[in-house]
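Residue numbers (the numbering used here), protein chains in the order written: chain D, 10 to 123; chain X, 405 to 517.
Some hints here could point you the wrong way.
Below, computed lysine-lysine pairings styled on PhoX-like, alpha-carbon distance capped at 25 Å [stated by the list, open to error]:
no., chain 1, residue 1, chain 2, residue 2
1, D, Lys58, X, Lys461
2, X, Lys502, D, Lys58
3, X, Lys446, D, Lys58
4, D, Lys67, X, Lys502
5, X, Lys446, D, Lys77
6, X, Lys502, D, Lys78
7, D, Lys77, X, Lys502
8, D, Lys67, X, Lys504
9, X, Lys504, D, Lys58
10, X, Lys461, X, Lys446
11, X, Lys461, D, Lys78
12, X, Lys446, X, Lys502
13, X, Lys504, X, Lys487
14, X, Lys461, D, Lys77
Simulated from the structure, these hints should not be mistaken for laboratory data.
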Amino acid sequence: AQSVTQLGSHVSVSEGALVLLRCNYSSSVPPYLFWYVQYPNQGLQLLLKYTTGATLVKGINGFEAEFKKSETSFHLTKPSAHMSDAAEYFCAVTLNNAGNMLTFGGGTRLMVKP
Amino acid sequence: EPEVTQTPSHQVTQMGQEVILRCVPISNHLYFYWYRQILGQKVEFLVSFYNNEISEKSEIFDDQFSVERPDGSNFTLKIRSTKLEDSAMYFCASSGNKGKPQHFGDGTRLSIL
Numbered sequence: 010a011q012s013v014t015q016l017g018s019h020v021s022v023s024e025g026a027l028v029l030l031r032c033n034y035s036s037s038v039p040p041y042l043f044w045y046v047q048y049p050n051q052g053l054q055l056l057l058k059y060t061t062g063a064t065l066v067k068g069i070n071g072f073e074a075e076f077k078k079s080e081t082s083f084h085l086t087k088p089s090a091h092m093s094d095a096a097e098y099f100c101a102v103t104l105n106n107a108g109n110m111l112t113f114g115g116g117t118r119l120m121v122k123p
Numbered sequence: 405e406p407e408v409t410q411t412p413s414h415q416v417t418q419m420g421q422e423v424i425l426r427c428v429p430i431s432n433h434l435y436f437y438w439y440r441q442i443l444g445q446k447v448e449f450l451v452s453f454y455n456n457e458i459s460e461k462s463e464i465f466d467d468q469f470s471v472e473r474p475d476g477s478n479f480t481l482k483i484r485s486t487k488l489e490d491s492a493m494y495f496c497a498s499s500g501n502k503g504k505p506q507h508f509g510d511g512t513r514l515s516i517l
């Protein structure tokens, strides 16, 4: 079984500041990890994914995340926040020996102040 | 870029009625999924579908739920006798293969009165 915990249901940053959204997972086998973003009244859009290989992965809109096996973490970062980054962000895990169901964290709502 | 499309965007139904939510997955994808998100709660997996049969389902997906791929393009979720607690946003997703990223539609907001 797998689970995902996102620390902080709401995060507020100033425009231009560093964005850090935290995600920790538990998994009995090596996981595949994903970050999705949800804008109001829209579906889930894939930001980035980790499957195998390089542990630092880059995604769309300047976001990146680092898989740290020793810390069971997959935190999402962006060096400089834009107003357009305001949205809800979901971390998700699936198992690489099954690869079907995604298990989501509770989501983090990012607010960007001018 | 190909998209997953869902219809309707909003469905209002009386309790006890049947409802069918429709999805058109990305055309060359082989794996299909339904998830739901109750207001203020996590996105929850309901069911996955591959090769014309259910491959996984969660505890939420009880006998009131069914899925079907009636033709080569549509993927539907049917709730036989809706309950108030079925009110949620329902998301359809598809992927090209196991472990490949799932692409989501914009969802159908189901409101049970």
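Going through the hints against the structure:
no., hint, result
1, D/Lys58 - X/Lys461, "holds, 23 Å"
2, X/Lys502 - D/Lys58, "holds, 14 Å"
3, X/Lys446 - D/Lys58, "holds, 19 Å"
4, D/Lys67 - X/Lys502, "holds, 21 Å"
5, X/Lys446 - D/Lys77, "holds, 24 Å"
6, X/Lys502 - D/Lys78, "holds, 22 Å"
7, D/Lys77 - X/Lys502, "holds, 23 Å"
8, D/Lys67 - X/Lys504, "holds, 16 Å"
9, X/Lys504 - D/Lys58, "holds, 9 Å"
10, X/Lys461 - X/Lys446, "holds, 17 Å"
11, X/Lys461 - D/Lys78, "violated, 28 Å"
12, X/Lys446 - X/Lys502, "holds, 23 Å"
13, X/Lys504 - X/Lys487, "violated, 34 Å"
14, X/Lys461 - D/Lys77, "violated, 30 Å"
Of the numbered hints given earlier, the model fails hints 11, 13 and 14; all others are met.
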